[in-house]
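Undergrad: Using the sequences and the accompanying hints, generate a full structural model.
These protein sequence lines are chains A and B, in that order. Under full-length UniProt numbering, the residues of the first sequence are numbered 1 to 339, in order. Under full-length UniProt numbering, the residues of the second sequence are numbered 1 to 339, in order.
Warning: the hint list may mix true and false statements.
A pair holds if it fits inside one copy or across any two, identical chains being indistinguishable in the list.
Computed cross-link-like contacts, DSSO-like style, restricted to lysine-lysine with a CA-CA straight-line distance of at most 27 angstroms [said to hold, decoys possible]:
#1 K311 to K116
#2 K3 to K130
#3 K90 to K62
#4 K62 to K3
#5 K153 to K2
#6 K133 to K323
Hints were generated in silico from the structure; no laboratory data involved.
Protein chains: 2
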Amino acid sequence: MKKTTLKEIAEILGISISTVSKALKDYPDVSAKTKKKVIDLANSLHFSPNTFAQSLRSRESKTIGVIIPSMVHYYFSNILDAILKECEKKGYMVIIMQSNEDYELERKQISLLLNKGVDGILISLANSTKDIKHLQRVIDYGIPLVLFDKITKLIKCSRVIINDIRASYDVVTHLINKGYERIAYFRGGLNPQNSIDRFLGYKKALEDNGIAYDSSLVYLCPNANYDEGYANAKKLIEKDKFNVDAIYAITDLTAIGVINYLNEKRIKIPEEIAVFGFSNWFMSSVISPTLSSVEQNPQNLGEKSVGLLFKEIESRQKGEDFKYETITIDTDLILRKSS
Amino acid sequence: MKKTTLKEIAEILGISISTVSKALKDYPDVSAKTKKKVIDLANSLHFSPNTFAQSLRSRESKTIGVIIPSMVHYYFSNILDAILKECEKKGYMVIIMQSNEDYELERKQISLLLNKGVDGILISLANSTKDIKHLQRVIDYGIPLVLFDKITKLIKCSRVIINDIRASYDVVTHLINKGYERIAYFRGGLNPQNSIDRFLGYKKALEDNGIAYDSSLVYLCPNANYDEGYANAKKLIEKDKFNVDAIYAITDLTAIGVINYLNEKRIKIPEEIAVFGFSNWFMSSVISPTLSSVEQNPQNLGEKSVGLLFKEIESRQKGEDFKYETITIDTDLILRKSS
DNA sequence: AATATTTACGAAAAGCTTTTCGTAAAATGT
DNA sequence: ACATTTTACGAAAAGCTTTTCGTAAATATT
Chain A
1 MKKTTLKEIA EILGISISTV SKALKDYPDV SAKTKKKVID LANSLHFSPN TFAQSLRSRE
61 SKTIGVIIPS MVHYYFSNIL DAILKECEKK GYMVIIMQSN EDYELERKQI SLLLNKGVDG
121 ILISLANSTK DIKHLQRVID YGIPLVLFDK ITKLIKCSRV IINDIRASYD VVTHLINKGY
181 ERIAYFRGGL NPQNSIDRFL GYKKALEDNG IAYDSSLVYL CPNANYDEGY ANAKKLIEKD
241 KFNVDAIYAI TDLTAIGVIN YLNEKRIKIP EEIAVFGFSN WFMSSVISPT LSSVEQNPQN
301 LGEKSVGLLF KEIESRQKGE DFKYETITID TDLILRKSS
Chain B
1 MKKTTLKEIA EILGISISTV SKALKDYPDV SAKTKKKVID LANSLHFSPN TFAQSLRSRE
61 SKTIGVIIPS MVHYYFSNIL DAILKECEKK GYMVIIMQSN EDYELERKQI SLLLNKGVDG
121 ILISLANSTK DIKHLQRVID YGIPLVLFDK ITKLIKCSRV IINDIRASYD VVTHLINKGY
181 ERIAYFRGGL NPQNSIDRFL GYKKALEDNG IAYDSSLVYL CPNANYDEGY ANAKKLIEKD
241 KFNVDAIYAI TDLTAIGVIN YLNEKRIKIP EEIAVFGFSN WFMSSVISPT LSSVEQNPQN
301 LGEKSVGLLF KEIESRQKGE DFKYETITID TDLILRKSS
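TA: This is the structure:
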């Protein structure tokens with residue numbers, strides 16, 4: 001079964017290709033009678049225009065590209081979910097790529113997407129990304145670009161982020177208000193802006209509450225995974241058990257590593273040590289004790305990101321000029337048993 | 001910044017478009033001198049061929065489509081992860097769509113993908129999908145199709161599945177060997193083949209071990225989510241507490257609903273009631289008690305699925321004929337504290 | 001030196017759609 | 001009845017690449 005073309009319809013009806021095309025697009029200079037004949041035949045042959053030809057002509061692919069560091073991730077899969085749903089509504093297709101936190105791969109993927117002729121790109125940067133030439137290329141090509149979550153400020157484009165400093169500040173303030181004073185921070189890697197920001201929020205909250213920042217309470221979890229949480233909790237407890245009354249971690253997965261270590265050691269949460277996470281992973285509501293966390297509203301972030309992208313795409317189509325925006329997504333403290 | 005075309009290169013060098021094209025593709029009928037000139041210029045202008053034109057001509061898009069019921073799902077996101085990695089290696093792009101378990105949407109998405117001219121389609125069916133005309137259309141169009149995980153046997157194409165009957169049989173046999181006899185089953189919906197198969201495995205294991213099947217021990221969880229597990233556990237305990245010594249659930253999420261209800265009611269797991277899940281979600285290893293489950297090896301499933309798809313795509317390119325295959329992925333029992 | 005072969009390139013078509021522009025024929029106006 | 005407008009269609013170009021085929025010039029052969 002081959003795809004029907006305009007040419008075939010034209011030949012069957014004995015009219016020209018242009019008339020067929022115009023009939024299907026409801027041009028005014030085709031008679032009602034001809035239109036009906038064309039439309040009926042097109043339907044019965046299941047005609048649909050060849051998208052390659054359409055894209056070649058229009059330079060539009062009705063496709064956007066999305067690059068994320070990793071797919072197997074509660075937070076990102078929720079963002080993607082929202083992106084897919086919005087694109088579905090708008091009739092856009094979505095090409096998804098994973099950078100695996102690898103800068104070189106990210107670069108290559110950007111190239112592939114540009115080549116592919118996507119109408120826009122959404123990207124959450126790899127931790128290893130410092131150089132932004134590849135992003136500049138996107139802009140120079142005139143392709144709308146929106147950074148989300150893991151962003152850089154070094155480039156002119158739209159951004160959708162959460163206020164990590166503020167969210168982190170709120171977490172630590174909450175802990176302090178609850179009476180915790182020796183609050184360890186299991187921070188993420190040194191490069192990603194959101195990791196830096198969460199750390200800054202942590203420091204600022206201590207400062208504003210008259211608690212001295214103590215760098216010996218900061219543990220590095222560059223991969224922000226479960227094992228790093230578990231291992232650093234072990235390190236901390238063996239060294240500093242009675243000197244710490246709360247552990248706040250870069251992400252829930254890490255915090256759950258902490259919880260499980262503490263549970264194993266029969267250290268009571270939150271009586272002896274409170275634990276706080278970040279991102280509100282689903283599992284945080286089902287582990288024991290349930291983990292307090294920060295809801296980042298990834299669905300909202302996804303929607304807003306793709307919303308900005310479409311806004312820019314549509315502006316350009318109309319030839320209007322477009323003002324880059326930065327949207328900050330509200331976060332919520334989710335207080336559970338661990339704090 | 002505009003994309004360079006062959007024509008531009010040709011004009012600059014004062015040669016024909018065909019020669020430029022052939023030079024870049026290393027045709028033998030272009031002199032070494034001309035090739036060098038062309039390649040150098042192409043590089044310095046960052047030339048890359050227009051994929052729309054290439055696809056129009058070759059009828060190949062170097063893109064495949066993937067339809068899954070839902071993205072926010074540990075199992076599916078792992079499958080996708082593997083698919084993306086394999087496609088990355090092969091230089092293929094991946095368009096991902098979510099059917100949201102909606103048959104109509106699935107139909108529409110198949111149409112969109114066919115229209116888009118993808119080179120192949122991977123799909124895991126929506127629970128509501130019974131009619132397979134849309135899948136037949138894919139075959140009729142000559143587009144390679146591979147069903148994975150949630151499949152139908154009503155169509156001729158390649159398939160990658162796990163042996164749900166066997167896996168489920170093993171779970172129940174394990175429980176029986178451990179001395180459990182009144183084993184409730186929280187089954188999934190009535191349509192999906194894997195839901196049916198797991199149920200059949202459950203029944204078969206009971207039978208083979210001389211335990212009478214008791215339909216009052218079967219609870220329906222059509223959405224296989226947390227709440228259904230929790231709610232049905234409540235129903236079961238209120239009705240049948242002393243009549244059940246194990247609960248086996250269609251998926252970990254549901255099993256965790258069960259665990260949390262039992263924990264709340266201070267019913268000891270596994271002493272009073274054992275719990276067994278399916279799919280080995282990450283969180284199963286971190287909840288309390290840790291949940292026994294079935295590892296489905298989604299990464300392997302993803303790899304094999306896309307592997308079969310490429311095999312078919314390549315066969316067709318070479319004009320060879322292709323034998324549909326069905327690959328069964330091995331599962332592993334993961335025994336933890338809950339059983 | 002005349003013929004056969006190889007080398008190196010270009011013209012052109014095909015892949016399909018969209019849109020502009022031109023033009024007969026029909027309809028309207030005077 | 002003639003001029004003008006409208007209607008309804010078609011030709012053709014553009015979008016870009018790839019590949020087949022043709023051919024002039026250069027080289028090799030006898």
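Undergrad: Checking against the hints above, which ones are violated?
TA: none
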